[in-house]
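Number of protein chains: 2
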Amino acid sequence: MWRNDNYTPVPVSEKRPEDGATPSIPLKPLNVDESPQVKKLGPYFHDGLRRIDYVLTYHVQKASGLRRQSSRSFMRSMRQSLSRSFRRTRQTPEAQEDPEIAAQEHQLDYHEDDKHFRREEFEENLREMGLELEKDEGTTVPGMGFLKIHAPWDVLCREAEFMKLKMPTRKMYEVKQGSNIVEKINLFIHKVTEPLHPKVEESKIQTVKHLCYPFSRERQHLFDLSDKDSFFSSKTRSSIVHEVLKRTKCTRTKYLMGINSLLGSGVYTSAFPLHDGEIDGVRAEPNDRKILYEEWASYSLFYKYQPIGLIRKYFGEKVALYFAWLGVYTQMLIPAAIVGVIVFLYGCATVDDNIPSMEICDPRNNITMCPLCDRACSYWKLVTACGTARASHLFDNPATVFFSIFMALWATMFMEHWKRRQMRLNYIWDLAGCEEEGLSTDHMRSDYEFRVMQKTLRRESSSSKNEKVKLTCTDRLPAYVTIAVMMLFMIAVTVAIVFGVVLYRISIKTALHMSSTPTFRSNVRATVKSTAAGINLIIIIIMDEIYGALARWLTVLEVPKTDKSFEERLIFKTFILKFVNAFTPIVYLAFFRGRLVGRPGKYLYVVGNYRMEECAHAGCLMELCIQLCITMLGKQLIQNNLFEIGIPKLKKMMRRRKTKLATQQEEELKKTWHQHEKDHFLGPFVGLNPEYMEMIIQFGMVTLFVASFPLAPLFALLNNVIEIRLDAKKFVTELRRPLASRAKNIGIWYNLLRGLSKVAVIVNAFVIAFTSDFIPRLVYQYTYSPDGTLHGFINHTLSYFNVSDFQPSTEPLAPMHLGYKVTLCRYKDYRDPPWSATPYQFSSEFWAILAARLGFVIIFQNAVMLMSDFIDWLIPDIPKDISQQMQKEKALLVDLFMKEERGKKHSRSARNEQSPSLPRSRLNSNSQSTC
Amino acid sequence: MWRNDNYTPVPVSEKRPEDGATPSIPLKPLNVDESPQVKKLGPYFHDGLRRIDYVLTYHVQKASGLRRQSSRSFMRSMRQSLSRSFRRTRQTPEAQEDPEIAAQEHQLDYHEDDKHFRREEFEENLREMGLELEKDEGTTVPGMGFLKIHAPWDVLCREAEFMKLKMPTRKMYEVKQGSNIVEKINLFIHKVTEPLHPKVEESKIQTVKHLCYPFSRERQHLFDLSDKDSFFSSKTRSSIVHEVLKRTKCTRTKYLMGINSLLGSGVYTSAFPLHDGEIDGVRAEPNDRKILYEEWASYSLFYKYQPIGLIRKYFGEKVALYFAWLGVYTQMLIPAAIVGVIVFLYGCATVDDNIPSMEICDPRNNITMCPLCDRACSYWKLVTACGTARASHLFDNPATVFFSIFMALWATMFMEHWKRRQMRLNYIWDLAGCEEEGLSTDHMRSDYEFRVMQKTLRRESSSSKNEKVKLTCTDRLPAYVTIAVMMLFMIAVTVAIVFGVVLYRISIKTALHMSSTPTFRSNVRATVKSTAAGINLIIIIIMDEIYGALARWLTVLEVPKTDKSFEERLIFKTFILKFVNAFTPIVYLAFFRGRLVGRPGKYLYVVGNYRMEECAHAGCLMELCIQLCITMLGKQLIQNNLFEIGIPKLKKMMRRRKTKLATQQEEELKKTWHQHEKDHFLGPFVGLNPEYMEMIIQFGMVTLFVASFPLAPLFALLNNVIEIRLDAKKFVTELRRPLASRAKNIGIWYNLLRGLSKVAVIVNAFVIAFTSDFIPRLVYQYTYSPDGTLHGFINHTLSYFNVSDFQPSTEPLAPMHLGYKVTLCRYKDYRDPPWSATPYQFSSEFWAILAARLGFVIIFQNAVMLMSDFIDWLIPDIPKDISQQMQKEKALLVDLFMKEERGKKHSRSARNEQSPSLPRSRLNSNSQSTC
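If you read the sequences in order, they're chains A and B.
Heads up: the first sequence begins at 0 in numbering that gives the first Met the number 0, then just goes up one per residue.
Heads up: the second sequence begins at 0 in numbering that gives the first Met the number 0, then just goes up one per residue.
The hints are simulated quantities; they were obtained by calculation from the structure and are not laboratory data.
Please note that the accuracy of each hint is not assured.
Identical chains share a label here; the pair holds if one copy fits it or two copies do between them.
[Stated by the list, open to error] No more than 30 Å apart at the CA atoms, straight line, and that leaves these computed lysine-lysine pairs for DSSO-like:
#	residue 1	residue 2
1	Lys560	Lys889
2	Lys170	Lys560
3	Lys245	Lys170
4	Lys560	Lys183
Modelling step: build the complete structure from the supplied sequences, incorporating the hints.
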């Protein structure tokens with residue numbers, strides 16, 4: 000709690016003289032209407048007229064709450080000079096420890112006092128900026144003070160001009176959806192999909208659009224200001240107030256304190272804009288929140304489009320972009336899911352025509368396989384692997400190759416589609432011209448400010464050089480080292496866990512093989528696979544939470560300068576950790592399992608005498624598939640249902656309990672609560688990053704290993720349909736209203752998506768080439784097969800082993816298990832037979848197939864990348880009609896100003912000369928000059 | 000000449016009444032100072048005060064020139080209505096053929112008249128827009144009329160406001176180059192590199208910068224308007240006039256005619272801004288052009304930085320960006336050239352330690368090779384290939400692999416460096432906030448307008464539906480088909496040419512082998528290689544010109560809508576054709592030559608009985624290298640010197656001859672020429688695309704096959720050092736001043752560069768893996784070699800051939816050439832020996848090495864791509880100091896306006912209440928509110 004130790008408040012003795020002052024003088028005298036406020040419990044001041052645009056909350060000590068509320072300005076200057084001189088004496092490092100020696104209680108009082116004065120100063124400042132304030136201290140909610148802020152019309156105008164907010168002008172123009180035919184088709188589609196549209200105004204096709212222009216008081220005549228109350232929406236008002244809050248600073252403290260620092264140091268506990276009103280109950284007037292609740296945040300509407308325009312109007316662009324993105328993603332998953340299901344069904348349909356699995360299942364092919372483990376296992380017949388082979392075919396057939404190419408292109412299409420959608424939204428929301436950030440969004444974080452102050456103090460004590468202090472790499476070095484070490488350590492932990500699960504699997508398998516019960520033996524594989532996958536899943540979910548917290552902690556350690564950089568660094572760390580966590584077991588299964596086995600007679604042993612596990616006969620694809628399936632389903636079910644629905648409810652309950660209100664009483668009180676009090680009990684908005692992160696990991700699951708699991712898009716689709724409404728419910732009912740922030744795009748997430756879809760290409764290439772048997776089958780069919788079919792493929796993939804070459808004490812304990820003496824057993828590999836010149840060396844076929852696999856990877860990767868780039872190039876980023884509209888809008892603006900210009904010139908010349916201006920008459924009708 | 004047939008001018012009879020009118024009435028009465036204009040031959044009106052901002056030229060018929068100069072406005076309206084009614088009657092398709100029946104002479108007269116009237120109308124319109132005009136018809140230059148345009152102050156202000164031009168305000172602020180230490184280092188570097196900086200003002204480190212803000216007449220007080228003449232630079236003035244010209248339209252014609260259409264239909268012949276003044280001679284006043292000529296456009300300054308700021312000031316952002324890019328590219332080539340030379344020297348130094356070439360050159364290794372051609376050639380000893388093997392080592396050694404990785408990363412670094420440089424320039428030039436395009440740059444091309452008009456006419460005759468007509472895909476289909484066919488055909492031609500050269504090489508080689516002269520025989524390889532490369536070079540250069548013209552023709556066929564789209568399509572086509580042209584021979588050499596040879600006894604034959612050519616023993620890398628070297632050097636020398644220096648001079652001479660002035664007279668006259676007359680005789684500016692294209696092809700040469708030719712960057716560097724000054728000279732002295740166009744980046748070229756550097760990675764991977772012997776050597780050393788060295792490598796690469804297996808009539812005519820009977824000969828391939836079970840089949844080594852090659856490609860490609868992406872991610876696109884400055888600038892702007900705001904409020908309150916405003920005094924000193 001650095002804020003307690005390092006900031007020295009003004010001593011109590013200096014503050015005493017003001018004690019007797021009357022409370023709450025700083026508030027502007029309001030014509031407060033003290034009649035029962037039943038009708039106006041919405042977000043209004045007590046007068047029921049002025050809207051509350053923003054609320055700051057703070058703790059008040061009941062006992063001393065009234066005593067200290069004063070602010071005589073003649074005292075302020077004195078206090079200021081005193082504190083300054085005090086600060087000067089405090090600049091010796093020894094003085095820093097003083098407050099800790101002081102009595103704990105007094106200090107608490109100091110701090111409360113200090114906070115109180117800072118609040119007062121801050122409030123005075125806000126008033127100077129033109130804002131109107133109203134205070135509500137501990138009336139309904141004990142111990143909490145509310146500072147309600149209202150921005151009057153002239154402040155709104157001024158700030159809108161500074162922020163270059165684009166507002167609709169009076170000028171309207173017709174929006175044309177391309178040519179007549181296109182327009183008719185659009186209308187028809189709209190009519191057909193009528194039931195899919197939410198019942199909000201904006202879902203109708205709009206044929207006119209207001210021309211938007213950055214608000215300017217000098218050009219007020221351009222805008223339709225007839226209804227000043229609704230000209231700026233509640234979202235805009237609150238973001239304007241937020242802008243003012245950010246700009247307001249306290250300089251009387253040791254270092255400049257903005258609202259961030261004030262929040263960080265506990266002077267205020269929270270700052271949030273208010274919801275528009277109630278979502279249910281008889282008292283609820285129609286408001287945007289209610290509409291959203293009814294037309295968006297309900298599971299029964301899962302098949303409908305989202306009212307993106309309304310979401311934007313209520314929550315701002317950033318949140319709306321998230322939901323729009325989620326919507327596009329879900330929509331794009333539909334074709335992917337359909338194709339995936341078809342591919343899966345194709346696998347099901349062709350399973351009986353599949354020659355390799357037929358050969359395995361044919362008992363006439365009397366193939367004796369080498370034992371799967373040392374000593375405990377014995378020789379086995381290939382025909383017993385029949386079931387696995389048939390199941391493998393479901394996921395390992397030529398259609399899978401097609402599907403992974405399809406999904407790579409799908410990912411590109413998705414990105415392109417999103418880019419276009421984003422462009423369209425930018426146009427509709429008039430963000431096209433506005434700059435990426437507002438004029439002053441990059442305020443320093445309070446942590447950073449504090450660290451800089453610390454450094455300044457240290458430096459001032461050592462040298463008197465008065466240059467601007469900032470955190471350099473040297474200051475951050477310890478943090479960087481910690482981060483690097485922790486990240487590597489956590490990745491190592493993940494790998495170790497995977498390895499642990501592998502060991503678990505090996506040992507359990509051996510143990511089960513040892514057991515004499517035959518039913519156990521037959522279920523060995525299934526049991527081991529599912530328990531291992533289950534363990535993996537649970538570990539992944541637990542580690543996910545740990546990694547999330549860890550990433551945040553590491554980022555705090557790093558002390559980034561601005562909120563933006565904090566967010567970026569946090570996302571980066573979280574992404575790496577969560578991604579590694581989710582995908583390490585899958586990557587192990589896909590690329591390492593079964594590769595490092597060695598060969599009979601020369602197995603590879605780890606940790607003493609554990610033999611590395613082999614894959615089932617038909618490749619590891621089957622197990623990869625099971626793992627993916629369990630991870631995806633389990634993660635979605637547990638994380639969604641438990642964490643996203645359960646935990647917020649729990650938290651809410653906890654928060655309520657804190658205020659120590661009995662449920663009965665609460666219900667009573669609730670009816671008299673004002674909006675700001677209701678919102679106070681909602682959860683704070685923590686940003687969209689967790690939501691995005693979840694989706695990105697899912698996107699990874701859908702694209703990265705899609706070659707092994709064609710049903711992934713279907714699962715993702717089912718999850719997302721719920722996810723949208725779940726998030727909607729959360730935003731509308733569970734959370735405080737987020738501050739509306741302007742955003743033109745989804746930022747770093749887009750790059751992550753792009754990166755993932757690039758990685759997906761190469762991963763899928765490797766999965767097809769190395770994990771599946773696609774290439775060996777192909778090579779066999781076209782090179783080695785005597786008749787051009789796959790007949791004899793199984794025999795071709797199996798090498799011979801002479802049982803006399805077993806290493807001592809590894810031969811099976813029961814060599815006669817199959818009923819006959821085995822001299823040669825078979826194993827899956829391409830090696831020369833024992834009777835060749837180079838026994839057990841890799842054969843020519845091995846190298847040829849390896850070359851084919853590698854060649855496939857190169858061709859697949861480059862072909863798919865080329866196709867993706869081609870699609871990227873083919874589809875224009877800006878939809879044609881939008882670019883036309885934008886052109887038109889520009890032309891209209893020039894028009895408008897030329898007209899205005901002429902008007903001015905006209906009036907000027909009329910005034911100056913009073914002469915009949917003949918040629919003008921023509922010009923006014925047509926803004927472009929004619930000849 | 001569609002303009003002659005389709006626009007029907009007003010008949011002569013209707014125009015006659017005006018014949019007697021006095022000439023040049025439309026000119027505003029000027030206080031023309033008719034004193035000898037020796038002093039003011041610069042770009043001024045006759046009054047010597049008003050600057051000529053733009054010039055339009057047109058042809059005047061001497062005979063009828065004076066007769067028709069009239070413009071009584073009372074006649075105009077009558078004429079207008081007449082032509083309108085006439086037009087209405089003309090809308091039947093039959094009427095369209097009428098003018099062609101009329102007598103040729105009359106028609107010419109009609110057209111001249113018609114053009115004249117259009118000019119008059121256009122000029123009247125310009126005057127209405129506020130521009131001031133002056134005419135100069137056939138005075139100095141016979142047959143040419145000059146319309147000189149001057150934009151007065153209020154027009155400049157108005158347009159600057161529309162165009163949102165950012166102009167410097169009075170407010171200055173200090174620019175800090177990072178911390179103190181960084182600043183000192185920068186200063187030191189600047190001092191050290193002092194002699195490298197051009198002697199212009201801007202090359203000093205600037206410590207203050209004017210805050211820039213879009214010009215606004217309402218905020219005039221912000222700007223320093225003390226010198227109204229120089230507030231807008233000549234470049235800005237001309238682009239403002241151009242903006243007005245583009246917006247001005249003629250509506251009295253059949254379709255709207257902007258300046259583009261007027262130029263396209265020959266009403267005006269050219270439109271250009273004027274140079275600032277003379278570059279030499281005694282009369283030359285100091286001007287920017289002269290400074291540029293002295294401090295930039297000179298070969299003797301090749302080692303200096305370019306005065307980019309001045310270039311931008313004079314030529315505008317687009318041209319300056321080209322030169323800045325070229326500068327960055329050249330600068331970045333320095334390290335690449337150095338490393339390339341080191342790699343080459345490493346090859347030279349290690350040539351004697353190279354075991355494979357030692358083994359080849361060792362006569363004790365008595366290896367008999369199979370004949371290189373059928374019948375004519377005989378067996379040969381490997382030791383004769385000693386020279387080639389040693390030379391090959393220069394370009395085929397491990398350092399080459401390092402170098403191609405280096406160059407791939409170099410390309411990424413170059414892109415990043417350029418992005419940062421561009422960002423820095425954007426900041427310095429205050430382009431950061433401005434939108435990509437001006438308000439109305441996307442005007443239609445006249446060709447497009449004409450085609451649309453044609454279509455409208457056609458449609459109007461068939462149906463009366465009056466919707467907006469535009470060119471659809473159906474209209475363009477014939478053009479698209481033509482383009483596709485032509486492009487494919489031209490690519491086929493290129494491939495055919497390469498194949499022709501191959502055939503030439505094969506036949507010449509055989510012929511030379513046949514010849515009995517021994518000196519001929521020994522020089523066979525060298526002769527063939529160099530003549531073939533020479534032929535290739537000449538064909539490439541010729542085809543380059545043809546393809547350039549072809550691409551333009553195809554693009555014209557396509558009738559793109561806007562200039563921007565025309566440019567993009569043209570670039571796209573030119574790029575494909577020129578690229579294919581330049582790289583097909585190289586690609587053939589690198590990847591196809593020597594692959595499709597077959598084996599002794601089973602060679603591959605093409606076109607009758609030509610055996611496909613083999614590579615020299617040490618791989619094709621050597622020949623690839625020679626080809627690259629000749630192409631690069633030859634192309635640069637011939638294209639630069641001949642085409643870029645010679646042809647423009649020739650053209651200039653031709654243009655002068657046209658005006659039929661004897662040289663003597665010309666010199667006399669030249670002295671009295673005004674600036675616009677001088678500029679008229681300069682070549683028109685045709686855009687930067689040819690310059691960029693040349694550089695892109697060079698960039699391709701430098702990056703794509705750098706693995707085979709490490710000296711490429713050095714050659715490119717030498718070329719570019721000259722290229723910069725050559726282009727500079729051309730721009731300053733040979734060409735008319737280009738219209739300054741705003742641009743924030745180099746547009747499509749950046750994407751092409753990115754694409755090339757991506758392709759380069761995979762091409763280099765293949766060159767190293769397949770063209771060079773790097774991988775076989777590596778595999779031999781670490782797998783097959785008995786002692787871990789390369790000893791025995793040569794023997795390993797050679798397979799055995801039993802001479803009894805020759806196909807009939809292919810065995811050599813002189814089998815005893817070497818003096819002994821040969822039973823087994825060797826050839827370069829990995830095949831099983833004749834005595835194995837599978838004779839002449841690819842051996843296990845072949846497949847192992849193939850797998851290694853492919854594996855290398857995958858690893859190389861992905862590793863280099865990953866590294867590139869990492870570098871891309873690591874280096875921020877915006878330099879840190881620039882982003883800080885931009886932040887600061889934003890804050891300063893907010894500050895400025897808050898202050899202004901307070902000032903306003905203050906004065907308002909002072910006016911309204913006349914009360915002492917105590918709290919304000921503090922606020923004025925600090926713009927941020929304090930507490």
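Given a CA cutoff of 30 Å, do Lys560 and Lys889 count as a within-copy pair, a between-copy pair, both, or neither?
Classified as between: cross-chain Cα gap 18 Å, same-chain 38 Å, threshold 30 Å.
I want to check one pair: Lys560 and Lys183. Are their C-alpha atoms no more than 30 Å apart within a copy, between two copies, both, or neither?
So Lys560 and Lys183 pass the 30 Å test across copies only (25 Å; inside, 53 Å).
For Lys245 vs Lys170, is the C-alpha pair at or below 30 Å within one copy, between two copies, both, or neither?
between (33 Å within a copy, 25 Å between copies)
Alpha-carbon proximity context of Lys170 and Lys560, limit 30 Å
between (43 Å within a copy, 28 Å between copies)
Violated hints: none; the structure is consistent with every hint.
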